[in-house]
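4 protein chains.
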Amino acid sequence: MIGETGGQELRTVQAADGSGAADTGTYCDVRVLTEALAEPLGPEDQTVQSMPDVSPTKWHRAHTTWFFETFVLEKFAPQLPPFDPTYRMLFNSYYEGVGPRYPRTQRGAISRPGAVEVGEYRRAVDAKVVELLASPAGQDPELTGLIQLGLHHEQQHQELLVMDIKHVLSLNPLEPVYRPATAPATGVGGGVGWVDVDGGLVDAGHDGSGFCFDNETPRHRVYLEPFRLGDRLVTCAEWQAFVADGGYQRADLWLSDGWYAVQAQGWQAPLYWHRDGGRWVVHTLSGTRPVLDSEPVCHVSQYEADAYARWAGARLPTEFEWEHAACSAAVAPSRRFDLDALHPSPVTADAHGCLRQMFGECWQWTSSAYLPYPGFAAAPGAVGEYNGKFMSGQMVLRGSSAFTPPGHARATYRNFFPPQSRWPLTGVRLAYSP
Amino acid sequence: MIGETGGQELRTVQAADGSGAADTGTYCDVRVLTEALAEPLGPEDQTVQSMPDVSPTKWHRAHTTWFFETFVLEKFAPQLPPFDPTYRMLFNSYYEGVGPRYPRTQRGAISRPGAVEVGEYRRAVDAKVVELLASPAGQDPELTGLIQLGLHHEQQHQELLVMDIKHVLSLNPLEPVYRPATAPATGVGGGVGWVDVDGGLVDAGHDGSGFCFDNETPRHRVYLEPFRLGDRLVTCAEWQAFVADGGYQRADLWLSDGWYAVQAQGWQAPLYWHRDGGRWVVHTLSGTRPVLDSEPVCHVSQYEADAYARWAGARLPTEFEWEHAACSAAVAPSRRFDLDALHPSPVTADAHGCLRQMFGECWQWTSSAYLPYPGFAAAPGAVGEYNGKFMSGQMVLRGSSAFTPPGHARATYRNFFPPQSRWPLTGVRLAYSP
Amino acid sequence: MIGETGGQELRTVQAADGSGAADTGTYCDVRVLTEALAEPLGPEDQTVQSMPDVSPTKWHRAHTTWFFETFVLEKFAPQLPPFDPTYRMLFNSYYEGVGPRYPRTQRGAISRPGAVEVGEYRRAVDAKVVELLASPAGQDPELTGLIQLGLHHEQQHQELLVMDIKHVLSLNPLEPVYRPATAPATGVGGGVGWVDVDGGLVDAGHDGSGFCFDNETPRHRVYLEPFRLGDRLVTCAEWQAFVADGGYQRADLWLSDGWYAVQAQGWQAPLYWHRDGGRWVVHTLSGTRPVLDSEPVCHVSQYEADAYARWAGARLPTEFEWEHAACSAAVAPSRRFDLDALHPSPVTADAHGCLRQMFGECWQWTSSAYLPYPGFAAAPGAVGEYNGKFMSGQMVLRGSSAFTPPGHARATYRNFFPPQSRWPLTGVRLAYSP
Amino acid sequence: MIGETGGQELRTVQAADGSGAADTGTYCDVRVLTEALAEPLGPEDQTVQSMPDVSPTKWHRAHTTWFFETFVLEKFAPQLPPFDPTYRMLFNSYYEGVGPRYPRTQRGAISRPGAVEVGEYRRAVDAKVVELLASPAGQDPELTGLIQLGLHHEQQHQELLVMDIKHVLSLNPLEPVYRPATAPATGVGGGVGWVDVDGGLVDAGHDGSGFCFDNETPRHRVYLEPFRLGDRLVTCAEWQAFVADGGYQRADLWLSDGWYAVQAQGWQAPLYWHRDGGRWVVHTLSGTRPVLDSEPVCHVSQYEADAYARWAGARLPTEFEWEHAACSAAVAPSRRFDLDALHPSPVTADAHGCLRQMFGECWQWTSSAYLPYPGFAAAPGAVGEYNGKFMSGQMVLRGSSAFTPPGHARATYRNFFPPQSRWPLTGVRLAYSP
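Protein chains in written order, with this note's numbering: chain A, 10 to 443; chain B, 10 to 443; chain C, 10 to 443; chain D, 10 to 443.
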């Protein structure tokens with residue numbers, strides 16, 4: 010079974026579930042991590058929106074705070090005045106039920122509040138939430154449930170914050186470094202192994218123990234044929250072979266929409282790869298460096314993942330195959346979350362015969378469209394806009410990435426992005442039907 | 010089981026399967042029907058491309074001919090010169106394997122060959138194909154298989170031709186009539202009934218008897234929970250209630266992409282509906298007339314279908330639910346194809362207790378994304394581009410419509426369009442989980 | 010000296026001015042010429058709008074008729090019913106004062122009325138206008154003035170019709186021919202000569218003798234320094250030297266907007282030029298043929314004309330220099346209008362020491378923005394929308410072209426197009442300041 | 010008469026011309042003013058690009074420094090290493106001759122160098138320039154000429170910096186204040202007076218005394234008819250009458266391009282005006298406040314200015330009329346430049362019978378296209394890209410604005426913007442022909 014393993018210095022939301030779904034310690038740990046992630050960034054870095062999909066760092070910091078102010082404090086401490094009444098609209102992301110919102114594509118046009126003022130906003134709301142948790146109302150399950158949701162929401166934005174700033178810095182010809190690398194990346198490579206997984210009528214979806222998002226429910230039965238799953242992610246060496254074989258020039262390998270994207274966007278390699286003389290180099294948060302053969306390929310769209318799989322004589326797994334394998338096969342421990350190592354890890358020699366790199370490296374594209382599970386129902390009210398309304402035009406990714414905060418990953422987790430997305434940490438695990 | 014019933018004056022491709030998959034009679038019947046559909050249209054009508062999704066009538070007539078010339082005559086009669094070597098590029102729709110093609114969005118910029126010359130092209134190719142079929146090579150199963158595929162391909166374009174010209178004529182303030190109505194539309198209305206369908210582990214996909222497209226295969230097992238399916242399509246009276254209840258103004262009813270489309274496109278009703286004083290009127294191929302309460306609502310996007318279902322406290326069926334119901338429940342006979350009645354039929358009083366309007370009225374949006382079945386493999390070569398490469402970003406529709414030619418419908422048929430599409434004959438059948 | 014010379018078989022609007030500004034013979038001659046220009050075109054050709062700037066042939070035929078119906082018959086024969094009340098909106102080009110209009114970019118979406126019905130519309134309106142002219146009201150100066158304006162308006166559309174169909178046919182890989190060439194084009198080439206023109210305080214604008222458009226008035230004084238004007242148009246041989254010298258790759262030669270257009274549009278040569286092995290060929294109304302060294306370069310934007318002039322160490326003339334030269338220097342006779350020779354003529358050896366190719370070959374870009382003359386006032390009412398409201402964002406061209414109908418050219422005529430336009434017959438005459 | 014009057018605490022570039030075209034004191038004064046203008050802005054404010062036309066504050070600060078580093082230090086102190094070699098590309102605005110440049114529309118995606126680092130860049134370059142000026146080379150007329158050009162260039166960017174940040178702050182629902190108002194705005198209003206100006210053959214363009222940009226030369230003769238010029242700018246009271254009279258709803262008042270912009274952009278009032286209950290309020294650098302009747306209308310496009318003039322029965326002056334009036338009629342003193350009063354001044358009662366508000370309030374749209382003067386030649390090399398290549402698609406404005414730095418205004422100055430521009434301080438002065 011599953012999830013991230015290894016000791017974690019930060020208590021996690023996941024761990025805190027049950028008796029203390031949203032205790033003060035967990036609350037503070039999560040909130041502190043957001044600020045720690047923003048710490049290397051200057052006020053200018055925190056202001057930029059480099060493309061419509063990206064949000065500024067200080068917007069992430071403010072919006073996660075807005076979530077607690079709007080959904081927790083407004084309801085459970087209605088007597089408290091808002092920090093700033095304009096923030097209600099300014100930091101609403103997409104909740105139609107909350108009222109008007111500032112246009113998403115214009116988030117980079119907002120210079121104020123600045124990074125410092127956002128910090129004050131965070132501290133002010135934190136103080137109120139902590140006080141509320143310490144009060145008798147702090148035991149109200151509805152309150153603790155909303156706080157727990159808010160913390161998981163914030164963890165999602167922690168990952169987005171890092172993804173987004175990686176994109177922001179990538180556009181700068183000065184090649185800024187978010188955090189210097191602590192050690193050179195190395196790996197052993199080696200061929201992929203295949204893990205056999207039985208099919209049959211299996212259960213899919215969250216089993217109710219601990220927190221999950223609504224889109225992981227209800228648990229339901231799915232029929233699977235037997236399949237084989239790659240025991241590791243596709244590597245950069247393998248991807249270079251695909252490139253060298255004309256993978257980006259052969260229409261027959263691509264879905265029609267993917268082929269259109271290749272031509273319209275001029276894709277010739279994963280996002281952040283550039284030619285430097287005879288070799289490929291890659292933009293990372295610790296600067297530009299050569300692509301490493303044994304590291305997992307990352308920042309590819311679902312179209313590219315699909316074309317690669319076709320080229321390799323394989324296919325992408327469905328989300329149900331992935332989940333069933335994660336729950337039934339041997340899974341190698343994932344590495345410990347480490348703020349200093351914000352990159353996927355190269356393949357290492359340990360752990361054979363089991364599924365490696367399932368968590369903590371790259372999200373893994375599946376062939377499944379992001380759709381509601383049978384019997385799915387969104388929560389009532391604005392909170393119900395969390396997931397359900399995005400179940401259109403997106404594809405499911407499974408696992409977690411090097412940017413996923415501690416305690417946020419689980420085998421039933423359904424991440425989702427449009428198939429053309431390349432700025433998340435998206436990688437490829439192959440499957441095939443024997 | 011299923012499909013269209015009732016006598017048909019035209020022999021159909023479907024009926025001819027098996028011993029004579031592609032006999033000369035069937036070939037000629039299908040080819041003649043295309044010309045009959047174009048017959049009411051002048052050369053100017055046949056030239057217009059009213060939006061990028063639409064193709065000119067004469068392009069449909071030429072492209073279906075190109076299919077036979079390129080995939081059949083080039084291979085089985087290579088000694089014959091092409092009718093015009095430029096046509097190979099000009100009338101290629103999307104087959105990358107065949108070489109360059111004229112841009113789809115520019116099909117309306119091509120005035121020549123004109124409608125008459127396209128007729129000559131059709132007759133020239135027909136003569137060669139008929140001669141080939143009469144020759145010893147005419148028994149070659151590969152040849153007859155390709156011809157059969159070409160005829161089903163042509164039937165699809167027959168439906169597209171009618172859909173497309175309906176759109177072309179809709180933009181003209183003169184409100185041109187394609188063919189006058191032969192009788193006023195009437196119906197009885199009445200509430201929807203619900204048909205219970207058992208779940209379980211069921212088979213989905215084509216069983217191999219008769220022709221099917223590759224996307225209907227392989228047949229495979231799917232697990233379904235029990236469900237209820239509406240015994241008829243949603244009517245225009247019901248849709249007007251949705252409109253009157255603010256259905257197009259309430260964000261909470263919509264998928265996020267759908268809500269965006271509502272606002273960006275200014276949708277306030279189905280395509281082709283317009284206000285005329287206090288009532289709704291609708292553009293049809295026989296002119297503009299009042300909306301009829303008991304007729305099925307038509308020309309709605311999947312977003313609208315989904316929002317309507319949410320408003321109605323129901324949901325859309327999955328494609329597997331629809332197919333299983335069509336194969337296991339009682340299905341009322343569908344009406345006989347009739348060139349003079351190119352509109353969905355209002356609800357009639359006959360046939361209670363069974364699924365009505367499954368075929369021959371409106372395609373029915375499902376909640377299923379258009380994805381490959383487990384184990385799906387496209388055919389090798391350019392013909393393999395037929396279906397597989399479009400398995401991205403589209404939703405499945407089931408059933409058939411008033412524009413679907415005779416013999417083309419079946420319970421396993423998978424039609425597909427992007428969720429925002431409104432110009433096909435798309436309607437809504439509800440489902441829910443008891 | 011001025012205008013076109015030589016006998017003309019068709020009576021012209023110009024010639025008819027004064028006592029018989031709009032006699033029946035002139036009316037019929039002009040109206041007949043429009044139909045003669047459309048005669049080689051099938052109904053499909055007449056329907057296509059190949060880009061937003063282009064209008065379908067049958068739209069030109071209908072719109073020019075609409076002008077007479079709306080501005081003449083509505084006023085002077087109000088008792089007559091309209092031919093079709095929908096046409097009032099459908100064939101309104103841009104007259105806000107007349108009411109709603111069909112969107113310009115959607116003219117190609119209108120299949121009906123077809124080419125034949127438009128012919129009936131023309132004949133019906135012609136019959137009424139001729140009857141009106143024969144009646145006592147036919148002498149009303151307001152009536153004859155409006156008819157005269159309508160005829161000049163129609164002549165402009167005659168030129169647009171030919172320009173537009175040239176573009177339509179150019180997109181067709183079948184390379185359709187509008188009318189076969191009657192004789193091979195030949196010429197003598199030879200270097201350009203320079204004609205000295207005195208400056209001083211000169212008069213500009215129409216002097217009131219004969220018809221003119223309102224934008225040619227009022228006549229006013231302009232101060233000019235002495236200048237020299239090329240005695241012929243820039244040739245294709247010269248333009249090829251510009252191309253070969255990297256003219257399209259050197260940013261320093263271009264206006265900023267021009268350089269942007271070069272890159273955004275991928276311009277590498279005039280519109281309609283294509284490489285065919287080692288030589289340039291050009292699309293013409295009589296088919297594709299090699300570019301001829303001595304023919305005037307044609308279908309270049311003002312940006313290209315300006316860049317060429319800079320490369321050549323010269324400049325474009327102002328519209329006032331051009332007009333003053335045309336009125337004060339010796340001007341070689343222009344060729345006779347000929348329906349069979351719809352191409353600019355190569356340079357010939359005759360006529361030295363005077364300005365050649367001023368009329369009847371290519372419109373000549375000037376460096377003047379299209380702005381109102383001092384004291385300009387548009388006519389009241391919808392007819393006043395004719396010219397004035399377009400005095401923004403466009404550049405003036407002077408002279409006339411091989412597509413300009415007989416009698417339509419004069420030295421004070423101000424043609425205008427946005428500087429990026431390439432589909433009119435636009436050429437280059439150089440100037441410089443000694 | 011000419012230019013700004015009144016004492017100025019800051020020495021100006023203009024004043025320093027001649028013997029000391031670019032002395033150290035002048036250099037430092039101009040450079041200091043840029044920093045003073047940026048001083049109220051936080052690092053986040055300085056980073057935002059709120060629309061493609063706008064540049065971030067820190068970009069202006071860096072680009073003006075780049076000008077000195079690239080055009081002065083590279084040439085006159087080539088032994089000095091660049092401050093950062095990447096800046097050469099990063100802060101190049103549009104000089105093709107200097108090499109590649111960072112895309113203009115992406116300036117807001119650049120977070121580093123931050124505001125502090127840009128300050129270091131400025132100081133480092135300043136130190137080198139001051140040292141150079143103190144060296145023997147500091148007397149080289151080519152050097153001092155380039156520095157003088159660089160200072161005038163910087164003054165233009167000072168105005169752009171303020172215009173741009175006004176737009177940035179306008180998008181923020183928090184309504185940030187750049188600098189609080191020091192006193193309430195008041196004015197006296199009163200009708201416009203008309204100043205008669207003689208026509209004739211007059212000189213236009215700079216006479217060579219003191220600095221000017223190349224686009225003001227060569228001085229040349231222009232013929233003008235007598236005209237009348239409004240003695241003050243159009244006021245907000247007058248503009249409100251235009252709005253109330255349906256000015257934004259009447260197509261007949263507008264140029265065709267203007268009418269299109271009205272509809273496409275939804276213009277209903279000047280930029281920065283908003284309805285607040287029954288009155289108009291306006292965004293300013295000192296916050297949102299009611300529109301004042303007697304203040305000049307500001308932030309209108311040339312299309313709006315033109316439509317207003319037509320509605321008022323007048324017209325816009327040509328740039329030559331404006332210049333001739335400024336040089337020949339009595340001109341009231343303009344107010345003293347004041348960093349604390351960054352708004353146009355309301356009409357005051359002083360100074361009758363002369364032209365008021367010619368400088369220091371709003372730039373004044375003319376009816377003249379921005380085109381080269383007869384005989385104009387750009388300077389050789391990259392510096393020659395300064396003005397000439399923009400002479401296309403823009404309209405001339407005359408005068409100066411409340412944002413124009415001291416010493417930068419003069420009667421021959423040609424400012425220019427595309428006619429749809431509304432974010433500069435653009436106002437309206439009427440003219441008519443008696």
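To be clear, the hints were calculated from the coordinates, so they are not data collected in a lab.
Don't take every hint at face value.
If several chains are the same, the list does not tell them apart, and a pair holds so long as it fits within one copy or across any two.
[What the hints assert, rightly or not] Computed cross-link-like contacts, DMTMM-like style, restricted to lysine to aspartate or glutamate with a CA-CA straight-line distance of at most 25 Å:
1. 137 with 261
2. 398 with 247
3. 84 with 302
4. 137 with 285
5. 398 with 234
6. 84 with 261
7. 398 with 254
8. 137 with 32
9. 84 with 234
10. 137 with 216
11. 137 with 223
12. 398 with 266
13. 398 with 126
14. 398 with 261
15. 398 with 135
Status of each hint after checking the structure:
1. 137 with 261: neither (58 Å within a copy, 30 Å between copies)
2. 398 with 247: between (37 Å within a copy, 24 Å between copies)
3. 84 with 302: neither (53 Å within a copy, 45 Å between copies)
4. 137 with 285: Answer is neither: 52 Å inside a copy and 35 Å across each miss the 25 Å cutoff.
5. 398 with 234: Classified as between: cross-chain Cα gap 23 Å, same-chain 31 Å, threshold 25 Å.
6. 84 with 261: between (55 Å within a copy, 21 Å between copies)
7. 398 with 254: between (40 Å within a copy, 20 Å between copies)
8. 137 with 32: For residue 137 and residue 32, the Cα distance is within 25 Å only inside one copy (14 Å; across copies 59 Å).
9. 84 with 234: Result: close neither inside a copy nor across copies, 48 Å intra and 38 Å inter.
10. 137 with 216: neither (33 Å within a copy, 64 Å between copies)
11. 137 with 223: neither (27 Å within a copy, 61 Å between copies)
12. 398 with 266: both (23 Å within a copy, 8 Å between copies)
13. 398 with 126: Classified as neither: same-chain Cα gap 32 Å, cross-chain 44 Å, threshold 25 Å.
14. 398 with 261: Result: close only across copies, 9 Å inter versus 34 Å intra.
15. 398 with 135: Neither: 29 Å inside a copy, 50 Å across copies.
Of the numbered hints stated above, those contradicted by the structure are hints 1, 3, 4, 9, 10, 11, 13, 15, listed in ascending order.
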